[in-house]
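Participant: The chain contents come next:
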Amino acid sequence: MSSELANELFEQFRAIPIFDTHSHIDPFAPTAKSLDDLLNYHYFTELAHSAGLPIAAIATDVDPRERCRAILSQFAYLENTSAYSWMLEIARKQFGFAGDTLRDSDADSLFDAAATRCSRPDWTDEVVRNTNLECVFLTNSFDDRLTGFDSRLFVPCLRTDDLVFHSHMAQTRTRWQSATGTSMESISDIRAGLRVIFERFVAAGARACAISLPPGFRPEPANSFAHCDRALLAGQSSPELSAQLFWLLAEHCREFCLPFDLMIGVNRQVYPAGVFQGQDLFDCRCSLIEYAQLFNAFPEVTFPVSVLTSGPVNQELVSYSWIFPNVLPHGHWWYSNVPAYIEPDLRARLGGVPNNKLLGYYSDAYKLEFILPKYNMYRRLLADTLARDFVEPRRLNVERALGLGRAILRGNGERVFGRPA
Amino acid sequence: MSSELANELFEQFRAIPIFDTHSHIDPFAPTAKSLDDLLNYHYFTELAHSAGLPIAAIATDVDPRERCRAILSQFAYLENTSAYSWMLEIARKQFGFAGDTLRDSDADSLFDAAATRCSRPDWTDEVVRNTNLECVFLTNSFDDRLTGFDSRLFVPCLRTDDLVFHSHMAQTRTRWQSATGTSMESISDIRAGLRVIFERFVAAGARACAISLPPGFRPEPANSFAHCDRALLAGQSSPELSAQLFWLLAEHCREFCLPFDLMIGVNRQVYPAGVFQGQDLFDCRCSLIEYAQLFNAFPEVTFPVSVLTSGPVNQELVSYSWIFPNVLPHGHWWYSNVPAYIEPDLRARLGGVPNNKLLGYYSDAYKLEFILPKYNMYRRLLADTLARDFVEPRRLNVERALGLGRAILRGNGERVFGRPA
Amino acid sequence: MSSELANELFEQFRAIPIFDTHSHIDPFAPTAKSLDDLLNYHYFTELAHSAGLPIAAIATDVDPRERCRAILSQFAYLENTSAYSWMLEIARKQFGFAGDTLRDSDADSLFDAAATRCSRPDWTDEVVRNTNLECVFLTNSFDDRLTGFDSRLFVPCLRTDDLVFHSHMAQTRTRWQSATGTSMESISDIRAGLRVIFERFVAAGARACAISLPPGFRPEPANSFAHCDRALLAGQSSPELSAQLFWLLAEHCREFCLPFDLMIGVNRQVYPAGVFQGQDLFDCRCSLIEYAQLFNAFPEVTFPVSVLTSGPVNQELVSYSWIFPNVLPHGHWWYSNVPAYIEPDLRARLGGVPNNKLLGYYSDAYKLEFILPKYNMYRRLLADTLARDFVEPRRLNVERALGLGRAILRGNGERVFGRPA
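Chains as they are written, first to last, in my numbering: chain A, 4 to 424; chain B, 4 to 424; chain C, 4 to 424.
Accuracy of the hints is not assured; some may be wrong.
As the list claims (entries may be wrong) - Examples of chain A residues toward chain B, derived with CB under 7 angstroms: (1) E49; (2) Y80; (3) R271; (4) V273; (5) Y274; (6) G277; (7) C287; (8) S313; (9) P315; (10) Y338.
Quick caveat, the hints were computed from the structure, so don't treat them as lab data.
Just so we're clear, the structure is a prediction, and the values are computed from it rather than from any experiment.
A virtual CB, placed ideally from N, CA and C, is assigned to each residue, including glycine.
Sequences are here, hints too, so could you generate the full structure?
Facilitator: The following block contains the structure:
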């Protein structure tokens, strides 16, 4: 339960424009076209499926209105989850929904209300405005189009999972050839292609290079380029090749002065029969010690780090950020993005990390509508934590607590990643 | 400190009949015959020993009254523990004890009071009634007698540690031969025997198959049946054989429609010189990723999962339950069954798992007297959590919070495991 | 926010003399000579460096006043950290500082105020008195001088990292030869030398043997003394040799009746370019199961255990202390010595460990001035926890809660380690 003081801090935080340093927004379709675009967010489809909904009920060939009914039919089972709260807040804030629960009986009216709002020509502008969104970082593939949108609002970021883990796949190679004019058949070819890509991204105002990594990943320079070249030529994958391609990226981040955004700890395709984007899990036996060589080798590169496991891995993140100038804790990622984990993780970061390094939150959103409820969840927890741990025990007065909150919510992100061009 | 609201929820939860989905109750001696039967619960003997009591003082040949005196002589050192609170609540509720501390000076009077109560002919009925116990699940060996007790109250469950880990031991083989009429000398023999056992258990109203597993266990189908047959014939154990026997059990759970209750993470005999049942510990480096292949291979089987390590492994349990429809978080097991771990683990489960999958609590009790204080501990934490995280921030009204609590305490267990026959 | 009750407990705890069972105090220079001696504590240098200060600004050849200015120039970024609170409390309590923030503009006046106070001839006595310090344990190398100081106040303890991990280094061998008159070229030589050392330390009033250990360390008796002898003769290190040397220490602790203080989980030199003493980190994948053989083999030896990772490893420590009579949880170490980790770890220890085994806190201080603010941080958390978890829910009355606090803060340490001679 929040105190009056926490409420006051929260209200102040709501007034701060959102500087969202990681999302999956498509700048060519940033907002929903319909309720279906929102309920298809993997949080809802996977929870509805987990609660008992067969995947067939939400298959792509199902009528959108039916799919929404199917997902909402499970919402009574989800009302305890954070994801449910986000959707309820969207329904109320964006679609004029007046109820205090979301149920299957609301499906049709909500679907219609959303259809009306989302089809307004200025819907995106409206959401940007009522979200008080300053900018949101994108997740761009190396061959994404980087023009045709406002890059001060939608900030390009180079996502590199494909290069590091899928260089052996024909599709990646074809796309790479198109995008760079080089092959993927040797390290030197890839270097040449990477230069093309980094130059293009930096010119387009990119503000980070990003990647998600499995729990066992260990970055290190190649022992043998010959091995990597052989693997590339043969179109094979290997841990050593992935490690080397990752290392190349770090070198380019250094040269092009881009932060290298590491999202550490996801196992892909653990439940291959799951819903779209609802198949990945993790192994909590993960450690940043695997990254010590990297952090030492690239003191000039800033590494905003997200971890998937709360608790001990977050304690590592706190401690590594306390010791390494170039390691910064970044947001609360995915399975750790629930209040039960944000709260203790945040509290620990506040206790051990210099406050100019705290990159508080990012939305990870697929549609702009989700940014506000997610940020409000975080702002509420930040306000509670600052009130309880700092202002009430008189370690900070309200003004300084507000300053701290502002740095965490916006100032540090802007300084570390740079203002959008 | 609990709010009035939390107290109100707690009172409502106390009125819900207990549907206890895991215990070690002996249906032929479900309640204590004396105080000694209660103080010999391993929680007390191991804590008393840890606090300084020599094992000789509680050996089986010591006079029961003396043994109680010995254990109570350490109770001043235990008054901070959860186990102490349970015993104090039993003493007050069941034996008319009026004090607010339990000390060695109480030994004789409490021993006598317990002797009087426990020797009443209707003692078990009385405890069942004042516990408001609807049913309690048992832990039956494959050769346990399943008749001669009320299987609506005492629900049989097949415990399978012996089969999976001790098939090489002469004693297991003799018991198996008697119970099934088959040998343990080949996989096909074991299949034949398992069919006999599952048929007998299902006919007797069994509601689950259960097993406890060490941290490093990795279920997978055998690469080589020949290897398993050779090991069985030679009476040898091997990880591959255990994995294969476990896999056979999952196949039988599928065929016989029984939930497969997994209790993951215990190392047996870590302190072999410890008290009876007080020798097992764990390795916190444990992950559900080892079970991904199992969960994928048996979508029709329900897996209620208990984990021994709080925190990161509980976060895995939350996340796996969020993604896999057939994985459900089950209770708070053993070393995690203390408020300091129940509270954060529960909070996380509430934030991430559909509420029709939350199997809140089980007693793990050896005597019926322990069910009530353990459930009250959990009910209190559940009430506090629902009040603080849901009702006070207006995410749920009181009525819906009560409904959520009822599902967690009783409704889900009844639906997932089925009503006793 | 603390209740009135918690404040009352806290005030009572402040009156208890401090029995500090682990520090790095130099008995020949126990207090600071200047502000520089305090700001050079690695907590401040590493946090200032992490926040952006180049190491050159705090190099040893920099003028002390300049170095203090440099470190304080980063203090605005550190005001959220626990370390900052300690320094602020020292400035106010010991140096008459009246502000409520510490900033670079305070550097000169604080430097001068400290210079005046620290140069008083009775400065150490004054700090001992206003800290209400009963005694503080030291960290002595095997060749440290053990005379010339008051061993009732400064209690010798034998630190053994050098022997176990650096027996191959020429410097260690030379020092060993000087201190013991034996070589390090065979196990039997080392046994002879160890006897000399243990006799000298026990005669000087030593109260513990101590060591810090990396996450992967596994104590076990040597499989082959021949291997160890060969490694010693060749001046080589090996895990088996370290394990054997460690085992020898446990044997000596048994013979000389010294507690063996284990500090488990540190990786040294993870950031070799970091500030002095600010280069070590950890791997959260650490387990006490590696120590099971040790705990079983030496039931007569008391093992106070500190762990570097909060959460799961602390849960192991709780559970191992609950089961093994000779394992005791000891303090909150280093990266876990922040309120966000002390609070949950303490709460769990209180719920599961007999209270005569709870060794609450030690300062780990390098200068006496830090003992009081660190203890006050812990006392506050202990008071809050006892109030919330025990007194408010009526599990203990105030008097018994105070008794429990006294045992945790002082009584257990005195009994387990023994009164200073």
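Participant: None of the hints should be skipped; say for each whether it holds.
Facilitator: Here is how each hint holds up against the structure:
1. This hint holds: E49/A has a C-beta 6 angstroms from the nearest C-beta of chain B, less than the 7 angstroms allowed.
2. Restraint check, Y80/A versus chain B: the minimum CB separation of about 4 angstroms is within 7 angstroms; hint holds.
3. Against a cut-off of 7 angstroms between C-beta atoms, the interface hint on R271/A is violated, since the closest Cβ of chain B lies about 12 angstroms away.
4. With a cut of 7 angstroms, the hint placing V273/A at the interface with chain B holds, because the nearest CB-to-CB distance is about 5 angstroms.
5. Residue-level restraint check for Y274/A holds (minimum Cβ-Cβ distance to chain B is 5 angstroms; threshold 7 angstroms).
6. With a cut of 7 angstroms, the hint placing G277/A at the interface with chain B holds, because the nearest CB-to-CB distance is about 6 angstroms.
7. At about 4 angstroms, the closest approach between the beta carbon of C287/A and any beta carbon in chain B falls short of 7 angstroms, and the interface hint on this residue holds.
8. For S313/A, the interface hint holds, since its Cβ comes within 7 angstroms of a Cβ in chain B; the closest pair sits about 6 angstroms apart.
9. Hint status for P315/A: holds, given a least beta-carbon distance of 6 angstroms to chain B, under 7 angstroms.
10. Taken as an interface hint, Y338/A checks out: its beta carbon lies about 4 angstroms from the nearest beta carbon of chain B, inside 7 angstroms.
The earlier numbered hint that this structure contradicts is number 3, and it is the only one.
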